[in-house]
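Starting from the known structure of chain A, arrange chain B on it as the hints suggest.
Spelled out, the chains give:
Number of protein chains: 2
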Amino acid sequence: MTLTDDLLAGDRRALARTITLVENDGADAHAALAGIYRHTGQAHILGITGSPGTGKSTLVNALAKAYRRRGFTVGIVAVDPTSPFTGGALLGDRVRMRDLSGDPGIFIRSMATRGSLGGLALATADVILALDAAGFQRVIVETVGVGQAEVDIASTAHSTVVVEAPGLGDEVQAIKAGVLEIADILVVNKADREGADKTVTALHMMLGMGMRYASHHGRTMAVDTHDHVEQTGWTPPIIKTVALRDTGVEELLEAVEKHRAHLLQGGEMQRREEDRAQATLIHILQAGMLRRLTSQVSSDQLHQLVAAVANRELDPYSAADRLLPTVLSAQ
Amino acid sequence: MTLTDDLLAGDRRALARTITLVENDGADAHAALAGIYRHTGQAHILGITGSPGTGKSTLVNALAKAYRRRGFTVGIVAVDPTSPFTGGALLGDRVRMRDLSGDPGIFIRSMATRGSLGGLALATADVILALDAAGFQRVIVETVGVGQAEVDIASTAHSTVVVEAPGLGDEVQAIKAGVLEIADILVVNKADREGADKTVTALHMMLGMGMRYASHHGRTMAVDTHDHVEQTGWTPPIIKTVALRDTGVEELLEAVEKHRAHLLQGGEMQRREEDRAQATLIHILQAGMLRRLTSQVSSDQLHQLVAAVANRELDPYSAADRLLPTVLSAQ
Numbered sequence: 030m031t032l033t034d035d036l037l038a039g040d041r042r043a044l045a046r047t048i049t050l051v052e053n054d055g056a057d058a059h060a061a062l063a064g065i066y067r068h069t070g071q072a073h074i075l076g077i078t079g080s081p082g083t084g085k086s087t088l089v090n091a092l093a094k095a096y097r098r099r100g101f102t103v104g105i106v107a108v109d110p111t112s113p114f115t116g117g118a119l120l121g122d123r124v125r126m127r128d129l130s131g132d133p134g135i136f137i138r139s140m141a142t143r144g145s146l147g148g149l150a151l152a153t154a155d156v157i158l159a160l161d162a163a164g165f166q167r168v169i170v171e172t173v174g175v176g177q178a179e180v181d182i183a184s185t186a187h188s189t190v191v192v193e194a195p196g197l198g199d200e201v202q203a204i205k206a207g208v209l210e211i212a213d214i215l216v217v218n219k220a221d222r223e224g225a226d227k228t229v230t231a232l233h234m235m236l237g238m239g240m241r242y243a244s245h246h247g248r249t250m251a252v253d254t255h256d257h258v259e260q261t262g263w264t265p266p267i268i269k270t271v272a273l274r275d276t277g278v279e280e281l282l283e284a285v286e287k288h289r290a291h292l293l294q295g296g297e298m299q300r301r302e303e304d305r306a307q308a309t310l311i312h313i314l315q316a317g318m319l320r321r322l323t324s325q326v327s328s329d330q331l332h333q334l335v336a337a338v339a340n341r342e343l344d345p346y347s348a349a350d351r352l353l354p355t356v357l358s359a360q
Numbered sequence: 030m031t032l033t034d035d036l037l038a039g040d041r042r043a044l045a046r047t048i049t050l051v052e053n054d055g056a057d058a059h060a061a062l063a064g065i066y067r068h069t070g071q072a073h074i075l076g077i078t079g080s081p082g083t084g085k086s087t088l089v090n091a092l093a094k095a096y097r098r099r100g101f102t103v104g105i106v107a108v109d110p111t112s113p114f115t116g117g118a119l120l121g122d123r124v125r126m127r128d129l130s131g132d133p134g135i136f137i138r139s140m141a142t143r144g145s146l147g148g149l150a151l152a153t154a155d156v157i158l159a160l161d162a163a164g165f166q167r168v169i170v171e172t173v174g175v176g177q178a179e180v181d182i183a184s185t186a187h188s189t190v191v192v193e194a195p196g197l198g199d200e201v202q203a204i205k206a207g208v209l210e211i212a213d214i215l216v217v218n219k220a221d222r223e224g225a226d227k228t229v230t231a232l233h234m235m236l237g238m239g240m241r242y243a244s245h246h247g248r249t250m251a252v253d254t255h256d257h258v259e260q261t262g263w264t265p266p267i268i269k270t271v272a273l274r275d276t277g278v279e280e281l282l283e284a285v286e287k288h289r290a291h292l293l294q295g296g297e298m299q300r301r302e303e304d305r306a307q308a309t310l311i312h313i314l315q316a317g318m319l320r321r322l323t324s325q326v327s328s329d330q331l332h333q334l335v336a337a338v339a340n341r342e343l344d345p346y347s348a349a350d351r352l353l354p355t356v357l358s359a360q
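So the protein sequences, as listed, match chains A and B.
Its first residue numbered 30, the first sequence is counted upward by one per residue in this note's numbering.
Its first residue numbered 30, the second sequence is counted upward by one per residue in this note's numbering.
Do not take every clue at face value.
Note that the list lumps identical chains together, so a pair holds whenever it fits in one copy or between two copies.
[What the hints assert, rightly or not] Only pairs whose alpha carbons sit at most 25 Å apart, straight line, appear in this in silico SDA-like list of lysine to any residue: (1) Lys-227 - Pro-195; (2) Lys-269 - Glu-286; (3) Lys-227 - Glu-283; (4) Lys-227 - Gly-196; (5) Lys-227 - Pro-266; (6) Lys-269 - Gly-196; (7) Lys-227 - Asp-40; (8) Lys-287 - Gly-55; (9) Lys-287 - Asn-340.
It should be emphasised that the hints constitute simulated quantities derived from the structure, not laboratory data.
For reference, chain A alone in the conformation it holds in the complex:
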């Protein structure tokens, strides 16, 4: 039995070893991924994102348990790009260990890496493939943050769930603009807190506004929201949850499954799979270019060029032109 055979048979140690391979990102990893790739595409991939303080980790755990009650196996990938030493990921994991450990139908992996120029997005995509090949039916990818990570998750997931909570401040309104672009499902967690209904109303208004603005103006956010709804026939539902007390979690699960059915019925699932494939392809090409840079250019040579740019003796575009032939030549 090869590692791939063991993985495809659902062996947990084979899965863990494959993930380690993938994280180290060498030729072995590429071979392993090439071997398992045609066995993937079965899992439904959920992205769950939102600001700090919304209680995402608790919600992810509650949702995973809800899926287990229905007999689904669940992989969880917790991505925290801000935390090179897994400070954030560790906190989430402590909660998870208490709740979910010992269940063979659950597999949890935390990923935390210093800002790595797309490397984290690629590694996350590869870990999802490994979980998919190992037979996990639902894979939940949890990301902290409202920055680039949120945009990235939309190209990684089939269904993107954006979590809000009451009373996170004045800027929240503004952030929603970007969030409406990527959310398939909106959750107001901690819905037992003051201001929950206000948050729900604000979200409803923004969704509604999107549709009204459409008939009046040119290319604005609002129109885009409308176009999105019109193109896909899907209006993001807004669900109130109290993850700590397991309230609303079944409704969230139902919404995800409804969204999955919707994607499969229309041609939308194919389109999302192609978006995901294209994003992965570009990440692989970028990572390959960086590898070439470090393998073809000596660190002395690179440092000299970098110092010249830092000292204003050379502009960065000209420096890049000097590096390009070396980066492009040979394997």
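Here is chain B on its own, set in the frame of chain A:
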């Protein structure tokens, strides 16, 4: 007079036109940047980041006004990667327009772009260069979010200011782990709110812990914080502000200037300039590679390959191998 001459003379319209060039990112932009590059390196670049709800925009405005009172000119670059249609940036701008408009010593630019694979980071670096060349003495780069953007800002700025606010929830503790890595200065804004002292104490403890842990354990986050302090001789100060009432803003300005003096005295400024140069160089190479991909590979060809990957007929690593020769060949 060329556009570059006008820009270097501090002409605002020339600056605006250069920035538009840069955002469109063609050969003209590269030529313009190559022309101005040796005139840059004078501005001190501040990165200001933090979670939503911390009042960053208000703080940036107050800090800009404090700098103006001392006679410094200030450029502001507001980066919002989540908001393709500048929903977030617009809100900040409305406040700014009221406060800062009509002052020729201030120039404000909002940047908001759909997830663009490093394109936004590169465009931001280029806009900073234009402001620097036009003679702005302090450039403040404001980013929303605690994801990748926060990590990126550290490679863009000389001094990174991380803004917190009281009562943003349980996850805040966890996030600090990553934040301590990049913060040169910590601000607790909205310091008139309940819990401000608790937030300050928590930050102090985490900073202090870093130094204590150092003598006990191996490679942990805490040790790294310690190493950082030891290597650079700089302990991030923690400053309480109420930006809306202009409280603590002068102290923040002093801390930034003290940090700048510290960077200039040691060799740290040179090291940061080299880090910035290297990040810019890599962003340029990555952007160049993407341009090659779209110019050398027909959209039909790309779509066929992407569809094959999406349909599991081809794995993404093999697809990348097929694209590579085309991407690498010719200009």
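Results for each hint:
1. Taking the shortest Cα distances, Lys-227 and Pro-195 sit within 25 Å of each other both inside one copy (8 Å) and across copies (21 Å).
2. Proximity of Lys-269 to Glu-286 under the C-alpha cut-off of 25 Å is restricted to the intra-copy arrangement: shortest distance 17 Å within a copy versus 46 Å between copies.
3. For the homomeric pair Lys-227 and Glu-283, the shortest alpha-carbon distance inside one copy (24 Å) is at most 25 Å, but the shortest distance between copies (40 Å) is not.
4. When the C-alpha separation of Lys-227 and Gly-196 is checked against a cutoff of 25 Å, the pair qualifies both within a copy, at 9 Å, and between copies, at 19 Å.
5. In the homo-oligomer, the alpha carbons of Lys-227 and Pro-266 lie at most 25 Å apart inside one protomer (16 Å), although the nearest pairing across protomers, at 37 Å, exceeds that limit.
6. Proximity of Lys-269 to Gly-196 under the C-alpha cut-off of 25 Å is found in both arrangements, the shortest distances being 14 Å within a copy and 21 Å between copies.
7. In this assembly of identical chains, the alpha carbons of Lys-227 and Asp-40 never lie at most 25 Å apart, being 47 Å within a copy and 47 Å across copies at closest.
8. Taking the closest pair of Cα atoms, Lys-287 and Gly-55 never come within 25 Å of each other, the shortest separation being 39 Å inside a single copy and 44 Å across copies.
9. Proximity of Lys-287 to Asn-340 under the C-alpha cut-off of 25 Å is restricted to the inter-copy arrangement: shortest distance 23 Å between copies versus 57 Å within a copy.
Hint violations for this structure: numbers 7, 8, all remaining hints satisfied.
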